[in-house]
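Colleague: Sequence order for the protein chains is A and B.
If you read the first sequence in this note's numbering, its first letter stands for residue -1, the second for the next number, and so on.
If you read the second sequence in this note's numbering, its first letter stands for residue -1, the second for the next number, and so on.
By construction, these hints were calculated from the structure, which means they are not laboratory data.
Relax, there's no trap hidden among the hints.
One-sided excerpt, in silico: chain B residues whose CB lies under 7 Å from chain A:
no.: 1; residue: V32
no.: 2; residue: D37
no.: 3; residue: A39
no.: 4; residue: V40
no.: 5; residue: A85
no.: 6; residue: S96
no.: 7; residue: G130
no.: 8; residue: P154
no.: 9; residue: R157
Derived CB-CB ranges, DEER-like:
no.: 10; chain 1: A; residue 1: G214; chain 2: B; residue 2: P12; range: 32 to 42 Å
no.: 11; chain 1: B; residue 1: A300; chain 2: A; residue 2: E13; range: 21 to 31 Å
no.: 12; chain 1: A; residue 1: L331; chain 2: B; residue 2: E121; range: 37 to 47 Å
no.: 13; chain 1: A; residue 1: A317; chain 2: B; residue 2: A18; range: 16 to 26 Å
no.: 14; chain 1: B; residue 1: A262; chain 2: A; residue 2: E13; range: 28 to 38 Å
no.: 15; chain 1: B; residue 1: E121; chain 2: A; residue 2: P290; range: 49 to 59 Å
no.: 16; chain 1: A; residue 1: G304; chain 2: B; residue 2: D1; range: 16 to 26 Å
no.: 17; chain 1: B; residue 1: S46; chain 2: A; residue 2: N319; range: 42 to 52 Å
no.: 18; chain 1: A; residue 1: I31; chain 2: B; residue 2: G214; range: 14 to 24 Å
no.: 19; chain 1: B; residue 1: G214; chain 2: A; residue 2: E13; range: 28 to 38 Å
Chain B is nowhere near these chain A residues, computed Cβ spacing over 10 Å in every case:
no.: 20; residue: R19
no.: 21; residue: E64
no.: 22; residue: L179
no.: 23; residue: V246
no.: 24; residue: S252
no.: 25; residue: P283
Ideal Cβ placement from N, Cα and C applies to all residues, glycine included.
Protein chains: 2
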Amino acid sequence: MSDFPENATLGQMPESAILARIFPKLPHSDFTIVGPGDDCAVMRAPDSRFVITTDMMVQGPDFRLEWSTPHQLGIKAAATNLADVAAMGAVPTGLVVSIAAPPETTVSFLEAIAEGFHDACLELAPGCGVVGGDLSVSTVVVISVSAFGDLEGREPLLRSSAQPGDVVAVSGRLGLAGLGLEALFAGTQDIHPLLRSAQLAPWPPISQGKAAAVAGARAAMDVSDSLVMDASRIARASNVVIELDEAVLDGLASRLAIEVGVDAAHARQAMLFGGEDHALLVTFPSNQPLPPGFDALGVVRARVIGESPHVSMGGAAVAENGWNPYQNWNGELS
Amino acid sequence: MSDFPENATLGQMPESAILARIFPKLPHSDFTIVGPGDDCAVMRAPDSRFVITTDMMVQGPDFRLEWSTPHQLGIKAAATNLADVAAMGAVPTGLVVSIAAPPETTVSFLEAIAEGFHDACLELAPGCGVVGGDLSVSTVVVISVSAFGDLEGREPLLRSSAQPGDVVAVSGRLGLAGLGLEALFAGTQDIHPLLRSAQLAPWPPISQGKAAAVAGARAAMDVSDSLVMDASRIARASNVVIELDEAVLDGLASRLAIEVGVDAAHARQAMLFGGEDHALLVTFPSNQPLPPGFDALGVVRARVIGESPHVSMGGAAVAENGWNPYQNWNGELS
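The shape of chain A in the complex, shown without the other chains (with noise of 0.2 Å):
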């Protein structure tokens, strides 16, 4: 029984209270050999390596505490980063989390992110849990996280392993997140429910690393600030152009324009320059069937002479528009 009522804020109680309450809704991990309450967790690494991400999000840039509940913030933060984890082509085992928030924050709202954690990790990411964290203070809400994973004895799949005559395949939506962030700003009454969760709680296909990796996967890469964006980087990671395919776009861009209720070539420009999607875009060898759940988007050529890797659609570069966080916004927190 806690001395402390279920309303009380952060600046009311001690820090060891605060983490009694947070602690049980955490994600358990399977990999854990210490978990949090130590200096360090202590985890299993089974083929002596790991791979390891790190994403920070602040109230403001990117995400309002107006838009978003503090569930939809759990979950995103953990998704954003199993996202990185997923395409390196590993699974995901584990969390680490530092929340900063102003004192007069409830304890219930870190509940609440917590109870976000525990939900993308179980759906997304079974095994992986959150293992140790910190609590700061600050006059706006700062989530940072990092997550690692296990590659059982598969190679990492690299920005940089495209080769010229891959298949460029894409699991997960593209454009969602996009035209939800539009209708965010905008203040649409009734944004489409699936624009809405794209945005706020994103549900990226964490599972697919893995599949993509067995399928015998050349390049991998998390698209969080958009597919052009993205994919100029595999480009030039790879020394390479990617050549999109028009009318597999323009074909995603009608069904999305339907589904939604935008037109299509709003559509289309979300599908191409909108961030945030998490989507998981990869290079395939081109004389094997795509593993379930993936879509042709385009092919890898290789450069000609004169040629930077770029992106190219219709026989045209495509400029590399996308998410800026320095330069996009606009100074908003709430």
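Keeping the supplied structure of chain A fixed, place chain B upon it in accordance with the hints.
Modeller: Okay, now just chain B, sitting in the frame of chain A:
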């Protein structure tokens, strides 16, 4: 050659150009298989386990830009995390670093933080480096670090393994960081350099974590909140009483008082209750000499019936006072 001036701000440059300036400053890790620039880093974990910790520093409660240079911020962010790895008896192998800063921050500011990480890793934990990171934007500067390390086949040093009869010992200084913070808050003009550097750019005895483990240490902990608070945590986790030797503490306090020019009672208060020293608190079996660089502070004893785990000195329980960010921050940012 960069297209941007030396004093360009984050808001004036694309992320790729910012990273191109920062990456060369970062320390390299000897354990890296795939370094910064992909969705994840890939790290070696030689004994099929790794330890991991995370810690976030926020402008205002955790540091002031008026007091700290960015180089000192990098040292402090690295050192506090490395100290948690050392406290498991592990050798640090890598760090991931997320930084949020206002758009008007110069890239040179981030470069100086990176140089702080470089110097701390090179001197305190050779072979450890920064293997990944994230940049975001915020109204305040936030530095979030996760650190990981290798146990080299040894068992981790837990808070829960202290045993009655153990000697309680410390490596590193106590009291300096707390006295430094007091002097900074008081606006003291000529702060003693030892106090200033202990608070703003701590330099914990990282290699002593492995040395303690090799010497047969049983329990260990990074002293971050205060000697009494952190020793109390070992006492609770191990279900024992930790008896600090008053004569030893008084002797150390007298030496500290002379060294930095405060009175002895004040020095003793800072040694017991000051935070952020990042000394290494260890319990060793009593049947062996302490390894070099460790000073005995007391002993572990069993609880008697009706007694809770606690820290005592001179026959009386010592109250658990230390740093609480949610209650002790005065709301100021600079």
